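Read off the chains here:
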Amino acid sequence: MSAAASDLVLLLIGVGGVLVFASTIGFVLQRRLSPDGSNAVIENLNARINAWWVMVILVGLAFIAGRIGVVVLFAFCSFAALREFITLTNTRRADHWALAAAFFVILPVQYYLIAIEWYGLYSIFIPVYAFLFMPILATLRGDTERFLIRIAEVQWALMICVFCASHVPALLSLDIAGYEGRNVLLIAFLIIVVQLSDVLQYVWGKLFGKTKIAPRLSPSKTVEGFVGGVASATLIGASLWWITPFTPLQAGLLAFIIAIMGFFGGLVMSAIKRDRGVKDWGYLIGGHGGLIDRLDSVVFSAPVFFHIVRFWWSAT
Amino acid sequence: MIKRLLAGPVSGLIVVFARAVTAVRAIWPESGPPRGRSIYYANHSSHGDFILIWAVLPPWMRVRTRPVAAAEYWLKSKLNRFIGCDVFNAVLIERNREKRTRDPIEEMAGALDAGSSLILFPEGTRNETEARLLPFKSGLYNLAKARPTIDLVPVWIDNLNRVMPKGEFLPIPLICTVSFGDALKLDPDETREVFTARAEAALLALSPKQEGTSK
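Residue numbers (our numbering), protein chains in the order written: chain A, 1 to 316; chain B, 1001 to 1215.
Everything labelled a hint here was simulated from the structure, so no lab data went into it. Some hints could be false.
[Said to hold, decoys possible] Sample of chain A residues lacking proximity to chain B, with all beta carbon distances greater than 10 Å (derived):
(1) Ala40
(2) Ala47
(3) Ala80
(4) Leu99
(5) Leu148
(6) Trp156
(7) Ile191
(8) Pro219
(9) Val223
(10) Glu224
(11) Ala238
(12) Leu249
[To be verified] Covered stretches of chain B, going by a simulated chain A footprint (3 or more residues, C-beta under 8 Å):
(13) 1052 to 1062
(14) 1153 to 1165
Just so you know, these numbers come straight off a predicted model, no measurement behind them. The beta carbon of each residue, even a glycine, is placed where N, CA and C say it ideally should be.
Using the sequences provided together with the hints, build the complete structure.
Have a look at this one:
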């Protein structure tokens, strides 16, 4: 087994251990506090933990399958996220072809460019070409009602759900001296830090949360949860330096940036949910809501993490 | 024979496809999914409407549920006939009053008597207007009158008209919901007007509030 593969196995065993621990706590809590399934918080906690098992197994399988597995997994995530996002927008019948292009042309092309590692095109394909051609397609049908809102919403959906999300598998294309063949661990680092930051903000908030941090956007987020979650995610990131090309200090700093971006990503996506009058983006993941509810922090942190690593560590 | 063998896999594929595009989710009333024979009556805005109802029904209910559809459309070609008759096992009725040879109400009542549930679109045609619901035709009332003991279950299909608007052949992936209401029955001395108003109101009550998901 190569060093990268043995590190990956070690990491997956570690994550599996954390999940066994979480499931045990969930089981004990349920026995003690909600034997008849009536305590909504405990039931939701266990639904979330069960969904985590499924997500970890899927991501683990994609990692083992390698580059293609990761690209395909995130292409499907983008598809489901875009579907959730467009469902909540003001599209009209005249947008039909533009929307079909978003799902069936732009999304696959973006992930194809990621798969062939064409950085020069995948980093501008949606911000430049989709940005210009989608409104052109929309004008062909001649419907000007709420035109600016409609094209802006579709572009925003593509940026968030496809462009930003595709920067997770794009990490595979970075050339880092002395780190060859280990890039999948960079993705593991990003996902573990950003998701643990979310989970730990939730745990710290449930245990010690008193002061609401953004009552109008996201009533469940607290200052205590934010500080505790970001601090512990930073420490966990630093302690994962051995799977990255970074020193422990650098790993901690990057984990801090990832956690902060993830937090604000959650806030922005909450603001959109409030605006649209929904509680969750969808129902795909039991206990969590929609896929975007889980992916919001990843999409905001992935491009920033990608470009920092590319600028300071990558040779290309 | 080959048709019979193909019908099962084809219907499975259609359900998988419908789920992949719409991630369709059923919302049942508090009393849970209806048990036994029912007439599901739903709003009609897309060719895919009854496929979504079909897709969310538990498989053991699905095999006993037949859509009511227009004969002239489903007998138009061999493929239509295969999909309509063999895959969906539709109760085909003739819409043209002058030319028709068989009474639609008798056909539907016969299917109910044989143990099937029915999916019926009482608006009679696809709603392509801005109104949420077209006035019901008399079919639902006449059928309820003919078989007064059967449960009438209102079913609201939301968002499918955005997935596949009229005249488009490529579906846009959007999340759809299918909301089932509590069953109604025809009261013995209810007039057609009173019953129809009650049935329409029960269906409209299931449509989600329009904010955020405007058409």
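For this session: Would you pick out the hints that fail for this structure and give their numbers low to high?
Result: Of the numbered hints, 3, 4 and 13 do not hold.
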